[in-house]
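Asker: Assemble chain U with the ligands onto chain H, guided by the hints.
Each chain, letter by letter, is given below.
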Amino acid sequence: MLKKISYAVGALALLFGLWGVYVRLFEGEQSANYGSYIGWGLWVAMYLFLAGLAAGAYMLAAFEYLFNVPQFKGTGKTMLWAALVTLPAGLASIGMDLGHIDRIWKVYLQPNFNSFLALMVWGYTIFLILIALSLYFAFKSPEKAAMKVVMWIGFVTSILVAGGVGFLLGGNAARLYWHVGLLPVQFPVFAIASGAGLMLLIVGWFMSNLEEKQRSDLLWTLAIVTIATSVAKLYFLVADYTQSLYGGVTDNLIAVNYVLNGPHAFMFWGVQIVLGLLIPVIVLAQPKLAKNGFIAGLMGLFLLIGYAAARILIVVPGQVAEMMPGQAEAFVGPKLTLAYTPSLMEWSVTSAVFGFAILGILIGMDYLLNRMPRSTEVKK
Amino acid sequence: MTEANLLQKYASEVFAGLVAPVAELGISAAPAADALAKEDVLVRMERELKRALEKPASERRWVMVIDLRRCIGCHACTVACVAENKLPPGVVYRPVMTEEVGTYPNVTMKFLPRPCMQCEKSPCTEVCPVTATYHDEEGVVVVDYEQCIGCRACMAACPYGARTFDFGYTYTEQLPVFDGAIVGGENAAGYEHASQEYGEAWKREGRHESPVGNVRKCHFCLHRIKDGILPACTTTCIGRATYFGDANDPDSLVTELINKPNVIRLKEELGTEPRVYYIV
Ligand code: SF4
Ligand code: SF4
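From first to last, the protein sequence lines are chains H and U.
Numbering follows the numbering used here, with no gaps: position 82 of the first sequence is 82.
Numbering follows the numbering used here, with no gaps: position 78 of the second sequence is 1078.
Pulled out of the complex, with its shape left as it was, chain H reads as follows (with noise of 0.2 Å):
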């Protein structure tokens, strides 16, 4: 029942993209609601989320391939092919959101290298095709040497390109909110707990094939993981906020006060913290809660829900100081705000973005994984 809802979900995000998709594509981006001083917006926050996601799924595949943790058995091959799903996916967001996508080969043929841009893009190409083999050897040799290899500097990939993100942000040394130290910090972080809410969302709602015991094994292993994580995440916003507000810096105030008090500040407090945040961690701390497989996955849901809205408020907040003060009453013209809420067509685009991601995972469970055999079955 569930899996149906799940593919009726995607099938409908979908649909209602191809419009947003359609419209991007052909009339261009004057219905895009980001502008030319907030000019990343929806879709390069989805990047930094899907992106992100692709390396956590990746970092839980290691376990059970590189790390051999029990609970983990069986269910690398899924992560993987998560990994392979949600990576292109995020780089479509991006994609749309480039003036001239046409013109996205000179970033492998005229790259500058300089660029955080450049080195992200070589990155994630390199990581997809790492994932890619990964898969394979998984598929036809999990236990050889190759396979090892592959994972490990997939691994290593996974943590590199996840921080990259964050310093893509980060390294822009004019916008204080993102010139932190902690922000690339923070990314694979952010990456392995997105990774461990969508596989709880997975195991929870769709791999009824694991054995019982293993798979309350794994919920209660996943709910711990996104206990940690939830806590460092906290600690990292309590200590990045606390120390902008207490140090007083005109740019870093306006930030952090636009996401706590803010037009857009429920996106904070109630999707980021209380459904993303508080409402998993206390439920997924009750072991019998962690274990139902319903609850777990819909946690998983609420997590993933929370970190798209946690990755929005790192993109969106640090353009909202104004780099001239008066700049955006100075001059008058269309795009030229500080205001941005997300537009319907950008919405629609996200919903083909995801709509793609949430059927490509499930039919490549249904009818790519199952049909081979599981890795455990291999080696029998």
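None of these hints come from the bench; they were simulated from the model.
In this text, a Cβ means the ideal position worked out from N, Cα and C, and glycines have one as well.
Heads up, some of the hints might be wrong.
Calculated Cβ distances over 10 Å to all of chain H for the following chain U residues [as the list claims (entries may be wrong)]:
| no. | residue |
| --- | --- |
| 1 | 1055 |
| 2 | 1090 |
| 3 | 1091 |
| 4 | 1135 |
| 5 | 1250 |
Okay, the calculated beta carbon distance ranges per label pair [to be verified]:
| no. | chain 1 | residue 1 | chain 2 | residue 2 | range |
| --- | --- | --- | --- | --- | --- |
| 6 | H | 265 | U | 1203 | 56 to 64 Å |
| 7 | U | 1208 | H | 140 | 38 to 46 Å |
| 8 | U | 1136 | H | 3 | 56 to 64 Å |
| 9 | H | 243 | U | 1261 | 34 to 42 Å |
| 10 | H | 247 | U | 1203 | 25 to 33 Å |
| 11 | H | 243 | U | 1136 | 57 to 65 Å |
| 12 | H | 279 | U | 1103 | 42 to 50 Å |
Answerer: Leaving out everything else, chain U with the ligands in the frame of chain H:
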């Protein structure tokens, strides 16, 4: 007739018109004779510009100096820049920030024109994944519209908010059609002239052709400079608050000005080394 001569001619005509009625009263509002004899800074700067152009490009160091004490916040430079570069709605290279200082009755206004700072250590060029924005051989930060992928990383990196994105707007697209009277957006679009930036004609055709989808910025009017004409903001500034020239020329006006102690650059602490100086 050179631009300098033209300027003198029109300036004196305008003054004549202004002072005529006053003259009847026997009071002259015309500048004193010696002031008239004094050379307009524009004339001097244009002469210096031509001198600089005789040197190899790499030996010039274009800088802009803005005297904040003389700026009256008229926005003429902003508008001149829009007109010169045919900037579409939503794209601006040189806004003038206005700040109200003090409390009533002790209030005053401060104005800050902000072109691109043409930073020597420019964060915007560092982040560009495809080297679409870079220093040309004269050190001016330019954008290669055909190379830019429109990622807006440079916009995020610029500490001065000096870059805006071209979303493809035109001034005439909303125009209604009214037979025989109003041609309508589609036809009127043809009246929007091509920008001549970087010495090329950038027509606004469709929603996908560069510079649509690119980040755009002030380039010190390079296309004018190469012909020996000062940037549009400089010639238009009615307060003569904007100066332009070669800082490698020890005798130039700008060198004279930036060597004074009352000169600042914005956000020096970021180490961007701007080529725009402010006299305060
Ligand atoms: S002011 Fe901004 S756009 Fe201009 S050179 Fe400096 S960083 Fe680049
Ligand atoms: S928007 Fe264009 S010029 Fe700016 S960083 Fe991206 S590719 Fe370079």
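Asker: State for each hint whether it applies.
Answerer: Hints, verified against the model:
no.: 1; hint: 1055; in the structure: 29 Å, holds
no.: 2; hint: 1090; in the structure: 4 Å, violated
no.: 3; hint: 1091; in the structure: 7 Å, violated
no.: 4; hint: 1135; in the structure: 13 Å, holds
no.: 5; hint: 1250; in the structure: 32 Å, holds
no.: 6; hint: 265/H with 1203/U: 56 to 64 Å; in the structure: 45 Å, violated
no.: 7; hint: 1208/U with 140/H: 38 to 46 Å; in the structure: 44 Å, holds
no.: 8; hint: 1136/U with 3/H: 56 to 64 Å; in the structure: 58 Å, holds
no.: 9; hint: 243/H with 1261/U: 34 to 42 Å; in the structure: 36 Å, holds
no.: 10; hint: 247/H with 1203/U: 25 to 33 Å; in the structure: 49 Å, violated
no.: 11; hint: 243/H with 1136/U: 57 to 65 Å; in the structure: 41 Å, violated
no.: 12; hint: 279/H with 1103/U: 42 to 50 Å; in the structure: 48 Å, holds
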